[in-house]
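Student: The listed protein sequences correspond, in order, to chains E and U. Position 471 of the first sequence, counting from 1, maps to 471 under our numbering, and the rest follow consecutively. Position 222 of the second sequence, counting from 1, maps to 222 under our numbering, and the rest follow consecutively.
Simulated from the structure, these hints should not be mistaken for laboratory data. Check each hint, because a few of them may be wrong.
No copy is singled out in the list; a pair is fine if it fits within one copy or between any two copies.
In silico DSSO-like pairs for lysine-lysine, Cα to Cα no more than 30 Å straight-line [what the hints assert, rightly or not]:
1) K190 to K477
2) K165 to K242
3) K251 to K316
4) K255 to K242
5) K123 to K51
2 protein chains.
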Amino acid sequence: MLSLKTIKIKIAETGIEHFCRRDSFLYDCLRDAGISLPSECGGHGVCGKCKVKVLPTSSLTPPSNAEKRLLTQEELENGIRLACQAKLIRNVEVAILSTIETYNIRLTKETQHCERDPKLIAKTFVISPERLGTSKGILEDLESTLNAQVRSLLVIKTLPQLSKKNEHRGKAIIYNDEILDLLPASSSRKLLGLAIDLGTTTLIGYLDNLENGENLAVSVQLNPQRVWGADIISRISIVMEKSKHLGALQKAVVKAINEMAKELCYKANVSCEDIYRIVVVGNPTMLHILAGVNPSSIAIAPFTPVFLRYLELSAKELGISQVHPACKISLMPHVSSYIGSDVLAGLISSGFLREMRALYVDLGTNGEIVLKAGKQIFATSTAAGPAFEGATIKRGSVAWQGAVDHVWIENGMLRYSVIGEREAETICGSGIVDLIAAALKSGLIDPRGRIVPPRRDGFEAFVREVDGERAVRLSEKVYLTQSDIRKIQLAKAAISTGIRILMEESGVSSDTLKIYIAGIFGTRINIHNAFKIGLLPSTSGENIVQLGNAAGLGARMILHNRNHERLINELRSCITTLELSTDSRFSDAFIENMSFPSENI
Amino acid sequence: MLSLKTIKIKIAETGIEHFCRRDSFLYDCLRDAGISLPSECGGHGVCGKCKVKVLPTSSLTPPSNAEKRLLTQEELENGIRLACQAKLIRNVEVAILSTIETYNIRLTKETQHCERDPKLIAKTFVISPERLGTSKGILEDLESTLNAQVRSLLVIKTLPQLSKKNEHRGKAIIYNDEILDLLPASSSRKLLGLAIDLGTTTLIGYLDNLENGENLAVSVQLNPQRVWGADIISRISIVMEKSKHLGALQKAVVKAINEMAKELCYKANVSCEDIYRIVVVGNPTMLHILAGVNPSSIAIAPFTPVFLRYLELSAKELGISQVHPACKISLMPHVSSYIGSDVLAGLISSGFLREMRALYVDLGTNGEIVLKAGKQIFATSTAAGPAFEGATIKRGSVAWQGAVDHVWIENGMLRYSVIGEREAETICGSGIVDLIAAALKSGLIDPRGRIVPPRRDGFEAFVREVDGERAVRLSEKVYLTQSDIRKIQLAKAAISTGIRILMEESGVSSDTLKIYIAGIFGTRINIHNAFKIGLLPSTSGENIVQLGNAAGLGARMILHNRNHERLINELRSCITTLELSTDSRFSDAFIENMSFPSENI
Ligand code: FES
Ligand code: FES
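Looking at chain E on its own, in the form it has when it is part of the complex:
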C-alpha cells in the first residue's frame, strides 16, 4: 500500500508542516491544510491560477500537458508548478507565491486611471485637552476637527486610551461622515476594500488598496448556493418550501465571502483587519439572500421585491468576520426585481453611458439587456436560463478541462478544440454557439432547428441516434441532442427577442449600435457565430466590446470614488424597464426567433 504512505509538506512562508497521502494532488493537500489556492477552473488545469514553487522538483510527478502549456520553460525550471496537476511523490517544501494576480488585466488598468475620491479615508489628528478645558469634550473636538461623527460606542471607548503626554494623537478611519475607528498615530494599518460581484453562479472578489486605487488580489469562486439550484427561481422555490433554507443559503454565501476575504488577504500578504468596506453588486435575489431577507415575493405575482434601494449594513451583523469589526458593507441598489446592481455596475464601468446608441447584454443565467437611445435607457431581463453556461444541456458544462470550447468546419469536416488539450468530455457555451453555427452552415440542422436526416455529403457521420433521439455528434461523448437544441433555441430566442423589443421600443437599428457583451461566457464566445445563430443583432465587428467582468469592475470603481455610487443611484431611476412576459409583442416575436437566421449562414 505504497499510495497510503505519508508525505510531509512544509509551507515555506510559515514553516508549518502538514502530512498527506502519497499520490494525492498537491492542491487537495494544501486545501486540507487550510490553504485555499486561487482557482478559477476548479482544479482542472485550465486557469493556471494555482501556481506554487516547490523544492525539490523531484518530489512531484512530472509536469502534465496542462502545466507545459500554462507555465513557461523558465518557470518549470525554477520549480514552479500547478498544484492541481502535480501529485506528491516525496517530502516537499512549498512556497505559496502570494503574487498579485488580476482576473482581468483590462479591469485593473481602467480603475487605476479613474479619479479617486473614496468614501473611506484615513486622517491624522492631534487634540489638546489643555485647549478644551472643562466645557468641551474630547469627542466633540475630534468630531469638529475631522468634520465627521462618531456613532459607535466602541470608538468613544478607545478615545481615552489614545492619551499620551497630555495629548490625544492618532489616526482616524473615516467612512463618509462617520468615524469608524481610531488608531494610535504609529499604527501601520492599511485601508483596504473588497469589491464583490455576487453572481448566481460565480462569486468574484477584488481586494483593493483604497489609499492608491491599486488592486491587490482577485479571487473567483463558484457560488456555493448552486447546490440548492442553478438559477434564481429554483433557489427562491427552496426558500418558499421551508423558510429555514433561507438561513442555510445565507450562511453558505457568507462563508464563501469569509473564505474569499481570507484567501485574498493571504495572497496579498495583508491583514483582514484592514478591510473596512465591502461593496457588493448582484441581482436582487442574491442580495436579498445575502441580507437574510426572504426573496419569495420576487417569484410570485406581482413580483415585488422587498427592497431595491442601497443598503448600508455592518459586515459583522451579516456574519462577515474576516474583516475589521467596524467594516461597512454596501449592497448596491437595483433597477427592478430582475435588473440588478450588477447590471448598473457594468453600465458605469463600460463605455455604455458615453455612447449615443448602445446595447449592453449580460449573457448570464438571467440574460439582462439594456439599450441606450440618446437620453433614454430601456432595460429588460429574459429568463434565458443557464443553457449557454452548459447547464441543462446533456453533455454541457462550464468552460473547464475536457470541455469543447470551439468548433469549426475544415475540409468538409467539423473540427473542434478541447480545453486542456485532452479527450473531449463535455461542451461549454462557446462550443455550443460554434457547433450550432457550424451545423447550420453544413446543413446538419435546418433554420427551424431540426436535425435533418443524414444526406451522404460527408457530414452524415455527425448525425446519430443517441438514447432514441437524433443528435449532432462531435465525438463519442460530446453531442447535442434534438432536445438540447430546443433548449438552446429557447435561450437564444429569449435573448434575441428581448433585444429586438428594446430596439423597436427605442427605434434604434442594429447597424448604429455599439454592443457591450458582459459576463465570462461573453468573453469566450465567437461573436461572428453569435451573429450567425441570431443570438446578437449583426453589426460590424468593431462595434462589439467583450467586457469580461464589467460588474466587478463597477463595484471596484464604487470603492474608489463616491461619485460612482451617486451615479448608480441616479442611473437606476432613469432606466425604463420593460416586462417581456406582459408585452403582447413578445410571444409572436419569440416564436419567430426560435428559428435560426437562414440568410447569412
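Given chain E's structure and the hints, the job is docking chain U with the ligands onto it.
Tutor: For chain U with the ligands alone, coordinates are given in the frame of chain E:
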C-alpha cells in the same frame, strides 16, 4: 429552634410558592424570592412604599407603630401591611398590589399639562405590492409612506412576514426618522418610555406611556455604585487604580437599571418589551461610567471630559435587556465636566428659564448652582461633598427611620422630631441645618463655628465631651462634634461662596431673586434655617421654590416632547461656567463664608 421553622409564602398574582424562615421580615423573604418591592427608605418604615395585602392577617406580627402611622385603619382591616415592618408567623398568601405610585405628585401633574410631541410614535400602514410592480421595493414604499428610514436589518427581515392577502399591513414604531420596529396591525403593543435621573447617590426611574403622557410608575433606588465610594472623585479614583473597575461600576448601574425597568413594568402591569426609549440625565461622570467610557480625565487637570454631547445608543449594546431589543437610549448633553444634564433637565422643568433673575441650587453631593440674570446664565459646581446628605458626619445618615429630621428651641430647650417616631439614632441633612441654626441662636456655638464652653443658662446640658471632642448633643446617640461642624461649615461655605460669586459676576442682588431648590434634601430642608446658617442668600419665603426631583421631571418632559431635547441642546451652549477653584475671589470669600452669619440669628 422555633425561629428556624419554615413558613410558606404564596404569591397571589402568580400562584408560585416560596419558603422562608419564621420571624423574618416579609420584605426580605420577597426579595429572596426575586420580588423587589418598591422602597424609598431602605426598609425603615418611613416611605410606606412596600405595601402588600396578606391573607390571613394573623399570619404576621401585629402592626408596628410605623404601620399604624402610614396605613389607614381601613387598610389595616383589609390586610394591607408594610412588608418591611411585618414578620412572618405562619403560612401566608401575599398580593403584591401593583398600584401606580408616583414619587412626587407635583411632577406628574406638570407633565400632563405640557404639550406632547414625542420623538417616538406609532403609525399604521398598508402597502399594496400590486401598485408597486417590480420597480419599487416594499421597503422603499414603506419608507416614503411613513416618511422615515429603516436602518436595522432585523426590521427589513420582518417585512416579508407582514404580507397577508396581497397586502402588507401593520403598525410601525418610529423614532425620529427611523423605523425601529414593525408589528402586525392587530398588535396591542404599547409605546412606553423610561426617564432616569442617574444620581451619584440615588437612581430615580419613571415609566411613562408615550401615547398619552401619563406616568405609570416611579421607582427610587440607591445607586449600587455607592459601595465603591460616596462621591464622583472617589469613584473615578477607583477606575484610575484599575481600569477593570470601570466594567464593574458599569455592570452595577446597568443591573440596577434592568431591575428598575422590571419593577416599574411589574407595578404598572405592562410588558418590558414595550419600552422603546430611555432618556438618562445625570452628571458627566455617571454618564461616562454608564456608557463604559473611562472618566479619569474628568479628575485630572485640565479636567476635560471625553464627551459632553448628546449620545444616542442602543440599550442592548449597553447591556440593558429589560426593554425592547431595538430600544434607544439617549444620554442627555452636559454643560461642562461638573455641570451635568441633570442640572439642564432641572432648569427646563422648573420655572427658572421664565424668570428674569433666578437662582437654581441642587443641594446634592456636587452642589451645582445656576444663576440667570436677564439673558445671561452662569453656572458653577462646588465640591460641597455629601455632609448635608449625612455622609462623613459621625452620627449622620440619610432621611430614614430613626433619623432626627427637625430641631427647634422650645421653652429654652432644644427639641427634635425623629422619623418613624422612635428613639433617635442618627441625624439627617434637614436636622443638621436645624440643629446648627438652633445652636447658633442659643449660643451653643459662636458664629465662627466653635462650640462654646457650657454657660449654665439652661443649654449647658447640650454640650458634652464625646471621644475627647466637644459636641452639641441632642440625645445619647445623636450629636454633632466640633469636627462634624467644621465639615458642615466647609460644605456650607462651598455652596454659599459659589452663590455669592455668581451673584457678583452677574450683578444681581438676593432680594430680587427667585430661588429654586432641587434635590431630595432640598425638599425636606427648613428654608428659614438655611437662611440663618447662611447656606442660601436670604430672601422672602415666597421667592423660594422647593422642586423635588426636578431633573427626573425634565427627563420625562424630554420623553414627551422633542422640543425639550432641542431646548437642552441650545441651553447648554448659552451657559457660562465659572471655575471656582481657579477664581481668585473664591479663596477669600470661602474663608469668610466659613463663619455663620451673626446679624440675623
Ligand atoms: S486550479 Fe490549477 S490550473 Fe486551475
Ligand atoms: S420599605 Fe417599607 S416603609 Fe419603606
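Student: With identical chains, the pair K123 and K51 could be close in the same copy or across copies; at 30 Å between alpha carbons, which is it: within, between, both, or neither?
Tutor: Classified as neither: same-chain Cα gap 38 Å, cross-chain 60 Å, threshold 30 Å.
Student: Between copies, within a copy, both or neither: which fits K255 and K242 at Cα up to 30 Å?
Tutor: Answer is within; shortest intra-copy Cα gap is 21 Å, inter-copy 40 Å.
Student: How do K165 and K242 come out at 30 Å by Cα distance, when the copy is not named: within, between, both, or neither?
Tutor: between (60 Å within a copy, 20 Å between copies)
Student: How do K190 and K477 come out at 30 Å by Cα distance, when the copy is not named: within, between, both, or neither?
Tutor: neither (52 Å within a copy, 69 Å between copies)
Student: For the identical chains here, do K251 and K316 meet the 30 Å Cα criterion within one copy, between copies, both, or neither?
Tutor: both (13 Å within a copy, 24 Å between copies)
The earlier numbered hints that this structure contradicts are 1 and 5.
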